[in-house]
Every structure is written in structure tokens, then in C-alpha cells.
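In order, the protein sequence lines correspond to chains A and B.
Mind the numbering: the first sequence is residues 49 to 380 in the working numbering, read in order.
Mind the numbering: the second sequence is residues 2 to 654 in the working numbering, read in order.
Relax, there's no trap hidden among the hints.
Here are the simulated SDA-like cross-link-like pairs (lysine to any residue), alpha carbons at most 25 Å apart as the crow flies:
no., chain 1, residue 1, chain 2, residue 2
1, A, 207, B, 185
2, A, 311, B, 231
3, B, 231, A, 310
4, B, 260, B, 246
5, A, 183, B, 185
6, A, 169, B, 250
7, B, 271, A, 314
8, A, 183, B, 117
9, B, 181, B, 117
10, A, 168, B, 261
11, B, 231, A, 214
12, B, 231, A, 297
13, A, 309, B, 170
14, A, 183, B, 187
15, A, 168, B, 155
16, A, 327, B, 236
17, A, 182, B, 188
18, A, 309, B, 229
19, B, 277, B, 301
20, A, 207, B, 143
21, A, 182, B, 189
22, A, 327, B, 246
23, A, 327, B, 245
24, B, 403, B, 464
25, A, 168, B, 251
26, B, 133, A, 118
27, A, 305, B, 236
28, A, 320, B, 274
29, A, 169, B, 262
30, A, 183, B, 188
31, A, 168, B, 142
32, A, 309, B, 169
33, A, 309, B, 165
34, A, 169, B, 251
Honestly, the hints are just simulated from the structure, not real lab data.
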Amino acid sequence: MRQRVLFCLFALFFFLPALPHTTHAQAPLRKASFIPQWSPQAQFAGYYVAYEKGFYKDFGIDLEMIQGGPHRSSSETLERGEATFATMWLCDAIQRKFRGVKLVNVAQIMQRSALMLVAKKSSGINRPEDLNGKKMSIWRADFQIQPRAFIKKYNLNVKIIPQSYTINLFLRDGVHVASAMWYNEYHTIINAGLDPEELTAFFFYEHGLNFPEDGIYTLERTLNKDPELVKAFIKASIKGWLYAFENKNEALEIVMKYMAKAKVPVNKIHQKWMLDRMKDLVMPRNEKDPPIGVLRQQDFSLVAGELQAMGLIRSIPDFSGFYFQGVSHAEK
Amino acid sequence: MLKNRGLAFKLVLFFTISSVCIFALVFGYNYYVSRSTIAKGVEEKANSLILSTTNKIETLLNSVQKIPENLSYALENGNYDENKLLQALYAIVERNPEIYGIAVAFEPFTFKKGAEFFAPYFYRVDKSVHFKYLDRSYNYFYSDWYQIPKELERPEWTEPYYGEGGGAIMSSYGVPFYVKINNEKRFAGVVVIDISLETLREMVSSIKIFKTGYGFILSKNGTFVTHPLKEFIMNETIFSVAEARGDRFLRDYSQKMIKGESTLMPYKIKSSVTQKQSWMAHIPIKSNGWTLAIIFPEDELMEDITNLNRVVIILGITGIFLLSFAVVYIARSITRPLKELALITEDIGKGNLDVEIPSAGSGDEVGRLSEAFRYMKTSLKEYIAQLTEATALRERMESELKVAHSIQMSILQKIFPPFPDRKEFDVYATIEPAREVGGDFYDFFQIDNEHLCFVIADVSGKGIPAALFMAVTKTLIKSKATVGLTPDRIIAMVNKELCVGNNENMFVTIFCGILHTVTGEVLYTNGGHNPPLIMKKDGDIEWLDGEGSLMVGIIDDASYITEKLLLEPGDYLFLYTDGVTEAMNDKNELFSDSRLKDELHKLHGKPIQEIIGGVQQEIHHFAEGVPQSDDITMMIIEYKGRGDRETSSMEPV
Chain A
49 MRQRVLFCLF
59 ALFFFLPALP
69 HTTHAQAPLR
79 KASFIPQWSP
89 QAQFAGYYVA
99 YEKGFYKDFG
109 IDLEMIQGGP
119 HRSSSETLER
129 GEATFATMWL
139 CDAIQRKFRG
149 VKLVNVAQIM
159 QRSALMLVAK
169 KSSGINRPED
179 LNGKKMSIWR
189 ADFQIQPRAF
199 IKKYNLNVKI
209 IPQSYTINLF
219 LRDGVHVASA
229 MWYNEYHTII
239 NAGLDPEELT
249 AFFFYEHGLN
259 FPEDGIYTLE
269 RTLNKDPELV
279 KAFIKASIKG
289 WLYAFENKNE
299 ALEIVMKYMA
309 KAKVPVNKIH
319 QKWMLDRMKD
329 LVMPRNEKDP
339 PIGVLRQQDF
349 SLVAGELQAM
359 GLIRSIPDFS
369 GFYFQGVSHA
379 EK
Chain B
2 MLKNRGLAFK
12 LVLFFTISSV
22 CIFALVFGYN
32 YYVSRSTIAK
42 GVEEKANSLI
52 LSTTNKIETL
62 LNSVQKIPEN
72 LSYALENGNY
82 DENKLLQALY
92 AIVERNPEIY
102 GIAVAFEPFT
112 FKKGAEFFAP
122 YFYRVDKSVH
132 FKYLDRSYNY
142 FYSDWYQIPK
152 ELERPEWTEP
162 YYGEGGGAIM
172 SSYGVPFYVK
182 INNEKRFAGV
192 VVIDISLETL
202 REMVSSIKIF
212 KTGYGFILSK
222 NGTFVTHPLK
232 EFIMNETIFS
242 VAEARGDRFL
252 RDYSQKMIKG
262 ESTLMPYKIK
272 SSVTQKQSWM
282 AHIPIKSNGW
292 TLAIIFPEDE
302 LMEDITNLNR
312 VVIILGITGI
322 FLLSFAVVYI
332 ARSITRPLKE
342 LALITEDIGK
352 GNLDVEIPSA
362 GSGDEVGRLS
372 EAFRYMKTSL
382 KEYIAQLTEA
392 TALRERMESE
402 LKVAHSIQMS
412 ILQKIFPPFP
422 DRKEFDVYAT
432 IEPAREVGGD
442 FYDFFQIDNE
452 HLCFVIADVS
462 GKGIPAALFM
472 AVTKTLIKSK
482 ATVGLTPDRI
492 IAMVNKELCV
502 GNNENMFVTI
512 FCGILHTVTG
522 EVLYTNGGHN
532 PPLIMKKDGD
542 IEWLDGEGSL
552 MVGIIDDASY
562 ITEKLLLEPG
572 DYLFLYTDGV
582 TEAMNDKNEL
592 FSDSRLKDEL
602 HKLHGKPIQE
612 IIGGVQQEIH
622 HFAEGVPQSD
632 DITMMIIEYK
642 GRGDRETSSM
652 EPV
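With these hints in hand, go ahead and build the complete structure from the sequences.
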């Protein structure tokens with residue numbers, strides 16, 4: 049059954065373009081803006097591809113791409129109403145929702161955590177228990193939620209070191225285990241000469257701590273005012289993702305164009321790795337996985353529960369108010 | 002195929018192939034040796050270049066390392082207040098142009114009570130020294146230059162990074178320092194200096210190996226710190242290059258390289274700059290654990306030898322061409338006179354002995370061959386002149402012999418029937434002489450009206466002597482055969498005459514008979530001759546029996562006997578010489594007595610001319626194609642008998 053739904057979904061996205069053209073001819077384009085949560089890179093390939101290939105226009109949207117980065121928070125830009133749509137992490141969004149920000153998840157793009165812990169086998173780490181008595185570097189803010197939950201879950205005694213932007217402390221053996229994004233720092237480690245076989249990787253989704261990451265958010269008022277715009281944006285974005293996964297070289301060229309524009313160092317092989325991992329994290333691996341764009345309540349509940357347990361939220365926001373299943377609505 | 006080619010072609014082919022082989026061998030060996038020699042030289046050159054560059058880098062790094070090391074020592078062992086510290090830091094930046102900035106970063110609440118962040122930082126902007134405190138907004142506790150020396154508890158260089166304002170690439174050297182509290186050594190902070198890597202970059206970019214060879218520096222992470230390709234710097238690592246190329250070997254090699262393994266063994270790699278196959282050599286920079294590597298294209302490395310080889314190949318090919326031309330020239334100089342000689346020989350073969358043989362003008366084999374030809378031609382000409390003379394002489398002799406022969410033939414009775422008025426007998430004879438003048442003869446004549454004497458003889462030998470002997474014998478027989486004499490008497494007399502002065506030991510076989518034309522009685526003597534055949538009227542053919550006597554002309558007092566035979570009317574007597582029975586065919590078979598007898602059987606009853614003609618024809622048929630070696634002489638006597646006589650006036654004696 050689910051497979052059929054999935055198939056219908058894919059079919060929808062592949063065959064839809066003919067339809068929007070007609071609508072676009074009838075109605076004037078709706079204005080909208082979008083900000084990803086970081087500087088241009090393959091982590092956001094789907095949006096750049098959809099924009100560059102004219103998918104948003106095809107779906108009747110005159111989109112403005114706002115450049116994200118370390119100096120411009122996507123969630124705050126959204127809150128201020130400076131962007132119609134933004135990507136952010138699920139755990140970040142739940143906390144903001146709890147704090148009263150009227151945002152809605154309209155599509156959960158990354159279904160699995162890219163956040164992971166990496167250790168060198170040479171330091172004798174093969175299983176979570178091996179981390180006892182070791183030094184672990186973790187990032188701050190939302191990045192520390194899963195590692196801390198992990199430590200708690202396995203009842204580990206580790207010395208926590210704050211982790212900087214680089215992975216060098218780990219590479220110099222200053223710490224035994226470090227945080228990494230699978231699509232980013234993990235590849236940096238590989239490209240600093242360590243082979244995957246030399247590394248032990250702890251993926252949180254393999255340890256019952258799957259925090260779905262990037263999702264598309266908008267404000268409640270936008271959704272209430274123009275649900276069609278939301279649906280169109282999601283459809284175009286998902287179409288962009290599917291196109292990017294099917295046409296990786298073209299997608300990379302597009303992403304790298306935006307990276308150059310943002311004056312971010314471009315390393316094609318690294319972006320390729322990132323796009324490949326995005327495909328792994330976005331696309332359903334099997335029929336048990338949710339279809340692209342869908343946020344499952346169980347995932348929401350797990351993340352919210354951990355946040356509550358961590359004391360970051362006192363109560364869990366209502367799922368129905370948090371998530372608008374833009375994809376299935378669009379399906380109808 | 003090659004067999005039919007000219008001498009020049011073979012020579013050129015052989016010399017060209019063998020010289021190409023020799024050249025290839027020499028060239029190959031030379032190439033191999035010079036290549037390895039050059040490679041060795043280049044390896045040494047690369048090594049000295051890379052060593053001298055690292056030495057310079059090490060000197061630079063070591064000299065700047067001393068500063069924070071000394072400062073951290075001072076901090077650990079002396080008392081200092083903030084002012085003194087700031088003055089010292091200022092002085093360091095002021096006096097050391099290679100230092101971009103220096104900071105002393107303390108652990109929270111270590112330097113001053115209530116100060117979580119305390120890190121005075123002096124740094125250079127253009128030529129003036131600026132100062133600031135690194136505070137919360139910078140949060141140095143998370144910086145590599147602070148964290149890494151702290152956690153590793155030893156000084157460490159950082160990975161390269163872009164300096165403020167994104168200008169030069171920098172690296173920092175952080176030295177941890179400690180305080181003793183209650184005899185316990187506690188981490189107190191990090192002294193850090195920043196240096197611009199511009200000097201390093203200049204040192205490395207000054208490395209020029211051949212045309213496009215270059216050097217580069219890799220950080221501990223394998224990141225390109227310097228590289229001729231700007232997009233590589235700080236952006237690619239040697240491993241990302243290996244991944245992009247799918248070059249597992251480069252990855253393995255680079256892992257060893259960044260671990261500081263020192264090997265000057267050049268490694269073959271594709272240059273990112275020229276995309277050419279190149280050699281790479283590397284050496285670790287011990288101070289900061291980075292790596293200096295140099296790359297130089299193989300073809301440039303081998304350029305000198307390639308140029309040399311090009312010249313050698315051109316020389317070699319030119320040489321081979323010249324050699325070929327020389328061979329062609331020499332071959333031509335040999336074959337041209339030979340060809341001419343061949344043409345001349347053809348001419349000579351056609352009989353033209355007056356052709357001019359060109360003088361070879363040289364003393365070599367060809368010249369000698371020409372001389373030999375000239376000599377041969379002269380000799381041949383002389384010989385042919387002699388031969389012509391001899392032939393003329395022989396022709397004269399032959400014509401004389403012909404005359405002799407015709408004279409000889411003319412003494413034989415040739416008109417048949419010889420006695421047209423005699424009805425009781427008939428005679429017919431032929432002689433078919435061999436080429437030379439032979440010794441056969443026949444004769445018949447009437448002794449008186451009733452007696453016919455007939456003779457057939459064969460003189461031994463051939464030629465003029467035989468002809469003369471035959472003429473003598475014939476004349477003698479004719480003169481001795483007088484009325485009343487029996488054949489034995491006649492032959493005995495002839496024998497006696499012939500023996501006189503017969504120094505040549507010539508002899509003759511004679512069959513001599515006298516036919517009594519009335520009675521048909523034949524008296525005959527056979528002097529060693531082939532016995533004649535009697536052809537009876539009834540068709541019976543028999544050899545004439547009776548013992549033969551000695552040949553004539555050998556023993557002067559030899560005795561001969563006369564025998565008697567009676568011919569019935571209608572009987573024939575067939576006489577012949579051994580030219581008939583000894584005629585030979587191409588299988589060396591003789592015509593033989595039996596063939597003769599058989600033939601006579603077939604011809605029985607025919608007119609006598611036809612009988613002899615038939616036998617003659619059969620002999621020719623038998624001996625077809627084989628030259629006749631002896632005279633073929635046949636004679637036939639037909640006895641018709643009295644009843645046919647018209648006159649009876651002839652009475653027996």
C-alpha cells in the first residue's frame with residue numbers, strides 16, 4: 049500500500065510540470081522568499097536546482113533566494129517575516145514552537161540525522177561502551193542534544209571538550225571522539241587521509257536517536273493566508289531534490305555556481321560527497337521509511353521527548369499544530 | 002620473390018636492414034644508459050633542491066618558534082604584571098618582522114580575578130602595531146591554536162587559515178604554559194604567534210624545476226598550503242585530489258607522506274598543472290609536520306635526452322639514407338657493366354662478334370670480367386675464322402667426295418632392263434649409298450650369249466679407299482671373267498691381284514655367280530658374302546646353302562669353290578649386302594634376316610622392280626629417323642627359262 053502511495057507521489061512529481069504551466073499562464077506569480085540555514089552547499093541542492101531550473105516559476109512562485117550563512121540565522125529571518133520559507137532543524141523548530149514562535153513544518157526533507165560521532169579505531173573505540181573515560185568533543189547548541197542523549201543512553205563517563213568549527217583537534221588526537229556531520233566533517237576526515245576502515249562511526253539514527261534534520265518551515269499566518277503557495281513551494285522543492293539526485297553533475301554545477309557567488313571555497317569532490325549523502329538521508333531507504341517530505345509523528349515525538357528530558361522544553365507542542373502535511377495535501 | 006630481384010636491390014635491402022638493426026641496437030642502449038644517468042642526476046638535483054628549501058623553511062620556523070617558547074618559559078618562571086606583559090608583546094611584534102601577531106591567552110579567571118577572557122593581542126597592520134583584547138566575541142577557548150596545545154600539552158602549529166580580512170594565509174604556533182598551584186602543575190594558557198605564510202609561499206614558488214616543475218606544501222591534513230593552482234590552496238587536500246582522480250595509490254602514498262615518512266624516492270604522478278606524467282618527491286618539514294613536495298614533468302626531465310635522441314635519430318636515418326645511396330651507387334657501378342656485358346653476350350650469342358666491349362676502366366673483378374669477355378670475344382672471333390676456313394676446306398673436300406661418289410655410282414649399271422632383248426632372264430638392282438662414299442657394288446654382264454655373270458660385293462671400310470678398292474675389284478672381276486672360267490677361278494684370280502700391295506689390309510666380300518641362260522644352271526662362289534635367297538616359283542624362299550669361302554683380298558693363295566644351283570623358270574635369286582639386314586631402327590634393333598625373308602614372302606610374284614622397291618620401302622619404314630650407316634644394295638635375278646627364248650643359235654660351250 050505504502051509503496052503504491054510512494055509510487056504515486058513520485059509519479060506526481062515527475063509528471064506534474066505540464067499542469068503548473070497552465071496555471072501560471074492564468075494567474076500572476078505569487079511572490080515568496082526562501083532562506084536555507086547555512087551558506088550555499090549541496091545540503092540545499094534541491095532548492096537551488098528548483099530555482100535554477102525554473103520549477104518555482106512553473107508552480108507559480110516568483111521566488112527570492114536569500115543567502116543563508118553564519119551571520120544570518122534562517123529561523124530568525126523567518127520569525128521576523130523577512131523570509132516566507134526557511135529550512136531548520138526539527139529540534140530547533142520544536143524549541144522555537146515551544147517558545148511561542150508560530151511556525152509550521154510543511155515538509156520534513158532530511159529524514160535521518162547526519163550528525164554523528166566519529167572515533168579512531170586506533171584509540172580502541174569500536175562500540176559505544178568503549179567511549180568510557182575518553183575525551184569527546186561536541187559542538188554547542190542543538191548539536192549537543194543527541195551526543196548528550198547518547199551519553200545518557202549508554203551511561204557513559206566521558207570528558208566533554210567543546211568542539212570548534214574545525215575537526216583538527218580530533219585529527220591531532222586531542223580528543224578521542226568528535227562530532228561530525230556525515231555529509232561534511234566526516235568527508236573532511238576522509239580527505240585528511242584517514243580511511244573509513246580506520247574509523248568507528250556512531251550514527252545516531254542507528255542508536256534510537258534519530259533526529260530528522262532539515263525541514264521546510266513557514267509561519268502559521270502564511271499557511272492560513274495562502275495554503276496553495278505553500279503546497280506549490282513544497283512540490284517545486286521536492287521536484288528540485290528529485291531532479292538533483294537524478295542529475296548530480298548538473299546539480300553540482302548549479303550549487304557550485306551559488307557557492308562561488310557567496311564567495312565560499314568550492315571543492316567539487318566534497319560537494320559531490322555531500323549531495324550523495326543528502327540522497328541517502330532524504331530518500332526513503334525502504335518501505336518502512338516515510339516518503340519524501342513527510343514528518344512522522346513518531347519522529348516528532350522522539351525529538352520532542354528528548355528535548356523535554358533534556359529540559360530544553362517543558363511541554364511538547366501539539367503535533368497537528370506543528371506539522372502541516374503539505375505533501376499529502378498537494379497530492380489531493 | 003627476392004630471388005628474381007636485382008643485385009642492387011638485394012644489396013640495398015641487406016645493408017639497410019642490417020644498418021637499421023645496428024643503429025637501433027646502439028640507439029636503444031645509448032637511450033637506456035643516458036636516460037638512467039640523467040634520471041639519477043635529476044634525482045640528486047631534486048633532492049638537493051628540496052633539502053635546501055626545507056632547510057630554509059625549518060630555519061624560519063625554528064627562529065619564530067623560539068619567541069613564544071621563551072615567553073612561555075618566562076611566564077612560568079617569573080612575575081609579571083599586565084603592563085610588563087603588554088610591553089613585552091609589543092616589543093616582540095615590533096622587532097620581529099616575520100611575526101604577524103602575538104597573544105597570550107589565559108584560562109578563565111587565571112590572570113585576573115573576574116576576567117573570564119584575558120588575551121592581549123598585538124598584531125601588525127601594514128607597518129604599524131595594533132593591539133586588542135581577544136574577548137567573548139572571539140571566544141578563543143574554541144580555537145585550534147588554543148585547544149590543540151592545551152589538549153596535547155605541547156606546542157603545535159595550526160592548520161593554515163585565512164587571516165583577518167581574508168588576505169594572507171596564516172598559521173599560528175601555540176605554546177601552552179602552566180602555573181604551579183600547591184605544587185600542582187596546572188594549565189594556565191597559551192602563548193601564540195601568527196605568521197604569514199607568504200614567506201613560505203615565496204620560498205616554495207621560487208622552486209623552479211625545468212620549465213613547469215613546481216613545489217608545493219601540504220599541511221598535516223594534506224591541505225594544499227601553497228600550489229601554483231590558486232583553487233587548490235586551502236581548498237583541496239591531496240586526498241580530495243586522489244579521490245577526484247580515483248587514484249587509490251596516490252591516497253596510500255599521501256597517507257605515508259603526511260605522517261612524515263621521509264622518502265626521496267620519486268613517485269610517478271600526473272601533474273595537476275600540466276596534466277602530464279610527472280615525478281614527485283617530498284620531504285617532511287619537521288617543525289610543523291607539514292610536507293614539502295616537488296613535481297616535475299617527466300618529459301621535461303627527459304627533454305635533453307629526448308633532444309639528443311632526436312638528433313641521433315635524424316643523424317642515424319640520414320646516415321642510413323646516405324649508406325643506401327652509396328650502396329646503390331656501388332651496386333650500379335657493378336651491375337651496369339654486368340648488364341652491358343649481358344646485352345653484349347646476347348649480341349654475341351646472336352653471332353655479332355663485332356660488338357664493342359666497353360673498357361671497365363677498373364682493376365676490380367668486374368674490370369677483369371670485362372677483360373675476360375674481351376679476350377673471349379677475340380678468341381671466339383679467331384676460332385670462328387678458323388672454323389670458317391676449315392668448313393670451307395671440308396666443303397671442298399665434301400664436294401670432291403661427292404664427285405667421287407657420283408663417279409663411283411656411274412660405274413654401276415643403272416639402266417633397266419639391261420638386256421631388253423633377252424627374254425629368258427631379267428636383272429634388277431639398286432644401290433642406296435650411305436652419306437659417305439661406300440664400298441658396295443653390283444655388276445652383271447654377259448660372258449657370252451648363254452652365260453650371264455652377276456656379282457654383288459661389299460668392300461670393308463668406307464670412304465675414298467673403299468671406293469677405290471671397289472672400283473679396282475669391279476674392274477678386276479670384269480676383266481677376269483672370261484669364257485670357260487668358273488667363278489672360283491675368277492675370284493681366286495681377283496683375290497691374288499687384290500692381295501698384291503694391299504698394305505691397308507682391305508678386303509671385300511663377293512658373291513659371284515654365272516647363270517647358264519639356257520639350262521638355268523647357276524655356278525657360284527661366295528667369298529664371305531651374305532648368302533642370297535632363292536625364291537622359288539611356288540613361293541618357297543630359302544637361303545642359298547653351301548659353305549661360304551674366305552673374304553677376298555686377305556690371303557693371296559686362298560682357295561675358293563664353285564657350287565651349283567639350278568633355277569627353274571619362274572625362280573628368282575635375291576642378292577643383298579649387309580646394309581639390308583643390319584639396317585637399324587631407333588631401338589637399336591636390326592632389320593634382320595627374318596624380317597627380310599618375311600618381306601620377300603609378302604612380295605612374292607611381283608615384278609622384280611617392285612620386289613626390291615618393297616624391301617627398300619620396308620627398310621626405310623623400319624629405320625625411320627635413324628641415319629643410314631651403310632650402303633643398302635640389292636640385286637635380283639629372275640630366270641624365265643628357255644620357252645621364252647626366241648633364238649636357239651646360242652649353244653652351250
